[in-house]
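J.: Residue strings, one per chain:
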Amino acid sequence: QKEVEQDPGPLSVPEGAIVSLNCTYSNSAFQYFMWYRQYSRKGPELLMYTYSSGNKEDGRFTAQVDKSSKYISLFIRDSQPSDSATYLCAVPSNDYKLSFGAGTTVTVRA
Amino acid sequence: EPEVTQTPSHQVTQMGQEVILRCVPISNHLYFYWYRQILGQKVEFLVSFYNNEISEKSEIFDDQFSVERPDGSNFTLKIRSTKLEDSAMYFCASRADTGNTEAFFGQGTRLTVV
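In order, the protein sequence lines correspond to chains B and Z. Using our numbering, you'd call the opening residue of the first sequence number 19 and step up by one each time. Using our numbering, you'd call the opening residue of the second sequence number 917 and step up by one each time.
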């Protein structure tokens, strides 16, 4: 069973729309949940992370974790063309080895 | 802003040749990683390195691969006898310390084996 599952999309939305991205994970022992953003031909960069269950908000971005269903979400409000990228969920295990989801490619149309 | 730098950005090599991918992690970081991303696939963990030794490696990281921190600043990934299926983006990452969850990634080296 894969540690992290993510719908690869792609997802295309008009500027200003809310983008909703989701992942599921298999190991209930995971405590940290991360979202990375990857622009074309660049390395992943950490967007935000949450610890345990609950919500975390950072500007237009909100990350949610529901440990009961092993479900993690990222919402982007008022999406901008500059948000067009691939979004990767990730969970760290031993030694902060990251297991990534497949990544969802998002295009925000101007 | 400190960043992880990787060289070269693109490496083309013939099948069977050895390649060395180079990384300069952020200077005060202690944990180092290599990941790879085959085109169209997910980013996969290869190896983690701490205190001058491998702390964990994936099943991908077989005897063909080795890592080294030769001089206290560089962190290298050597791939011996490259195969076509080694073609991928290779990302180096570093992390500050035990309490810090954020791993910073380099821009990657695109390895093409022909």
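Among the hints, a few may not be true.
[Said to hold, decoys possible] List time: in silico DSS-like cross-link candidates among lysine-lysine, alpha-carbon distance up to 30 Å:
1. K20(B) - K973(Z)
2. K994(Z) - K60(B)
3. K88(B) - K999(Z)
4. K85(B) - K958(Z)
5. K958(Z) - K973(Z)
6. K973(Z) - K999(Z)
7. K958(Z) - K20(B)
8. K20(B) - K994(Z)
9. K958(Z) - K74(B)
10. K88(B) - K74(B)
11. K20(B) - K60(B)
12. K994(Z) - K88(B)
13. K958(Z) - K88(B)
Keep in mind that the hints were calculated from the coordinates and are not lab data.
J.: Decide, hint by hint, whether the structure agrees.
T.: Taking the hints in turn, this is what the structure says about them:
no., hint, verdict
1, K20(B) - K973(Z), "holds, 17 Å"
2, K994(Z) - K60(B), "holds, 21 Å"
3, K88(B) - K999(Z), "violated, 38 Å"
4, K85(B) - K958(Z), "holds, 23 Å"
5, K958(Z) - K973(Z), "holds, 17 Å"
6, K973(Z) - K999(Z), "holds, 19 Å"
7, K958(Z) - K20(B), "holds, 12 Å"
8, K20(B) - K994(Z), "holds, 28 Å"
9, K958(Z) - K74(B), "holds, 25 Å"
10, K88(B) - K74(B), "holds, 16 Å"
11, K20(B) - K60(B), "holds, 25 Å"
12, K994(Z) - K88(B), "violated, 37 Å"
13, K958(Z) - K88(B), "holds, 20 Å"
Violated hints, listed in ascending order, are 3, 12; each of the other numbered hints is respected by the structure.
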